[in-house]
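Colleague: These are the residues of each chain, in order.
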Amino acid sequence: MRKAFCLIAFFLLCFAALAQPGGMAPEHEKRYYSLLDELRCLVCQNQTIAESDAELAKDLRVEVRKMLQAGATDSEITEFMVSRYGDFVLYRPPVKPRTWLLWFGPLIFLVIALMVLSRLLGKQKRAGSTALTEDEQAKVDSILSRTEE
Amino acid sequence: MSSRLRLFRDVGMSKYLLPVILFFVLTSFLFVGLYRDPTEVSSPLVGKPVPQFSLPRLDNSEALFSEREFLGKVSLLNVWASWCVACLEEHPVLSELANRNAIIIYGLNYKDDVTKARQYLVKHGNPYLVNAVDASGRVGIEWGVYGVPETFVVDKKGVIRYKHIGVVTQQDVDEKLLPLIGQLQSEVL
Numbered sequence: 001m002r003k004a005f006c007l008i009a010f011f012l013l014c015f016a017a018l019a020q021p022g023g024m025a026p027e028h029e030k031r032y033y034s035l036l037d038e039l040r041c042l043v044c045q046n047q048t049i050a051e052s053d054a055e056l057a058k059d060l061r062v063e064v065r066k067m068l069q070a071g072a073t074d075s076e077i078t079e080f081m082v083s084r085y086g087d088f089v090l091y092r093p094p095v096k097p098r099t100w101l102l103w104f105g106p107l108i109f110l111v112i113a114l115m116v117l118s119r120l121l122g123k124q125k126r127a128g129s130t131a132l133t134e135d136e137q138a139k140v141d142s143i144l145s146r147t148e149e
Numbered sequence: 001m002s003s004r005l006r007l008f009r010d011v012g013m014s015k016y017l018l019p020v021i022l023f024f025v026l027t028s029f030l031f032v033g034l035y036r037d038p039t040e041v042s043s044p045l046v047g048k049p050v051p052q053f054s055l056p057r058l059d060n061s062e063a064l065f066s067e068r069e070f071l072g073k074v075s076l077l078n079v080w081a082s083w084c085v086a087c088l089e090e091h092p093v094l095s096e097l098a099n100r101n102a103i104i105i106y107g108l109n110y111k112d113d114v115t116k117a118r119q120y121l122v123k124h125g126n127p128y129l130v131n132a133v134d135a136s137g138r139v140g141i142e143w144g145v146y147g148v149p150e151t152f153v154v155d156k157k158g159v160i161r162y163k164h165i166g167v168v169t170q171q172d173v174d175e176k177l178l179p180l181i182g183q184l185q186s187e188v189l
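Order-wise, the sequence lines are chains A and B. Going by this note's numbering, the residue at position 76 of the first sequence is 76; the numbering climbs one at a time, nothing skipped. Going by this note's numbering, the residue at position 9 of the second sequence is 9; the numbering climbs one at a time, nothing skipped.
There could be a bad hint or two in this list.
[To be verified] When the alpha-carbon atoms are kept at most 25 Å apart in a straight line, the in silico BS3-like pairs for lysine-lysine are as follows:
no.	chain 1	residue 1	chain 2	residue 2
1	B	K15	A	K139
2	B	K73	B	K15
3	B	K15	A	K96
4	B	K48	B	K123
5	B	K116	A	K58
6	B	K157	B	K48
7	B	K176	B	K163
8	B	K15	A	K123
9	A	K125	A	K139
10	A	K125	B	K15
11	A	K66	B	K111
12	B	K176	B	K73
13	B	K163	A	K58
14	A	K58	B	K111
15	B	K48	A	K96
[Claimed, not checked] Partial list, derived from the structure: chain B residues whose beta carbon lies under 8 Å from chain A:
no.	residue
16	P38
17	K111
18	A135
19	G137
Since the hints were derived computationally from the structure, they do not count as laboratory data. The beta-carbon is built from N, C-alpha and C at its ideal position, and this holds for glycine as well.
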């Protein structure tokens with residue numbers, strides 16, 4: 001009886017150890033990691049706060065966890081970060097007048113490139129199909145005759 | 001010679017001009033980019049009231065320091081720590097400001113050891129009127145601190161008007177801080 005009790009206690013402890021890493025409810029944990037991946041560490045700017053080992057990133061991870069456990073929504077948490085660190089803290093900056101160029105700039109360049117390409121191709125096509133006019137032929141003849149001299 | 005010139009004109013200058021213009025536009029953007037510091041991120045807190053907080057003071061842990069201290073005068077809040085090498089670099093500049101009574105300087109002692117922080121001030125002099133102890137860095141998050149040293153200029157209404165990231169040099173003081181402080185001090189409450 002006592003052995004059985006010890007065994008059960010042992011297994012319970014094992015599960016407790018498994019549950020420890022996040023220390024969070026499973027539904028929180030999933031949101032926790034997706035939030036961390038959205039937030040930039042301002043100390044080492046090309047890392048998220050999930051990847052970064054900077055002190056600040058650790059502190060912010062703790063903060064995100066605390067807010068999740070207190071029942072905050074994802075947007076409340078990102079809003080908290082943005083109000084202190086600015087839009088730069090988000091890996092996906094919001095679409096607003098200031099960031100229009102950032103979001104739509106590449107599209108504008110694509111359109112310009114396509115326009116230039118179609119014009120060039122059109123020119124080439126036209127140039128290929130037309131023979132020399134009389135005037136042009138005369139010009140060519142005069143130039144050629146001059147070089148022969 | 002003259003026929004070559006004519007040929008050049010026939011093809012059209014624009015064909016050569018456009019790539020040259022594009023080249024200079026690109027290089028000027030890159031040139032400006034060379035001198036910009038990507039670690040300086042403008043703070044959304046500029047123009048907002050100082051965040052609410054309450055922290056123990058460095059000189060007396062029984063006493064508290066809160067955002068109310070900022071009301072009624074123009075002041076600086078300097079975020080520093082004894083482990084911060086760059087802070088030592090700006091320390092003489094802050095001391096000089098304090099000695100001239102140019103402005104009240106408050107300190108936020110960020111993620112530091114209280115004993116080491118006190119020793120630091122004894123050793124290098126104390127330009128701060130009061131220091132708040134933010135051992136956990138939690139209040140630092142409220143202020144959007146991401147690298148020490150950082151310096152905030154707060155106006156008489158307790159609104160953050162400017163944030164300086166990194167070492168404050170004498171040049172920063174002369175060109176940015178002092179003119180701004182003068183302007184803020186002339187504002188009526």
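Colleague: Please go over all the hints and tell whether each is borne out by the structure.
Modeller: Right, here's what the structure says about each hint:
1. B/K15 with A/K139: Holds, at about 22 Å.
2. B/K73 with B/K15: 62 Å, violated
3. B/K15 with A/K96: 37 Å, violated
4. B/K48 with B/K123: 35 Å, violated
5. B/K116 with A/K58: 23 Å, holds
6. B/K157 with B/K48: Holds - the C-alpha atoms of B/K48 and B/K157 are around 10 Å apart, at most 25 Å.
7. B/K176 with B/K163: 11 Å, holds
8. B/K15 with A/K123: Roughly 14 Å between the alpha carbons, so the hint for B/K15 and A/K123 holds.
9. A/K125 with A/K139: Status holds; Cα separation ~23 Å.
10. A/K125 with B/K15: Judged against 25 Å, a Cα distance of about 19 Å means the pair holds.
11. A/K66 with B/K111: 19 Å, holds
12. B/K176 with B/K73: At roughly 18 Å apart (the allowed maximum being 25 Å), B/K73 and B/K176 satisfy the hint.
13. B/K163 with A/K58: 24 Å, holds
14. A/K58 with B/K111: 13 Å, holds
15. B/K48 with A/K96: 21 Å, holds
16. P38: It holds, given that the least Cβ distance between B/P38 and chain A is near 7 Å, below 8 Å.
17. K111: Status holds, d = 7 Å.
18. A135: Constraint on B/A135 not satisfied, violated at 12 Å.
19. G137: Status holds, d = 5 Å.
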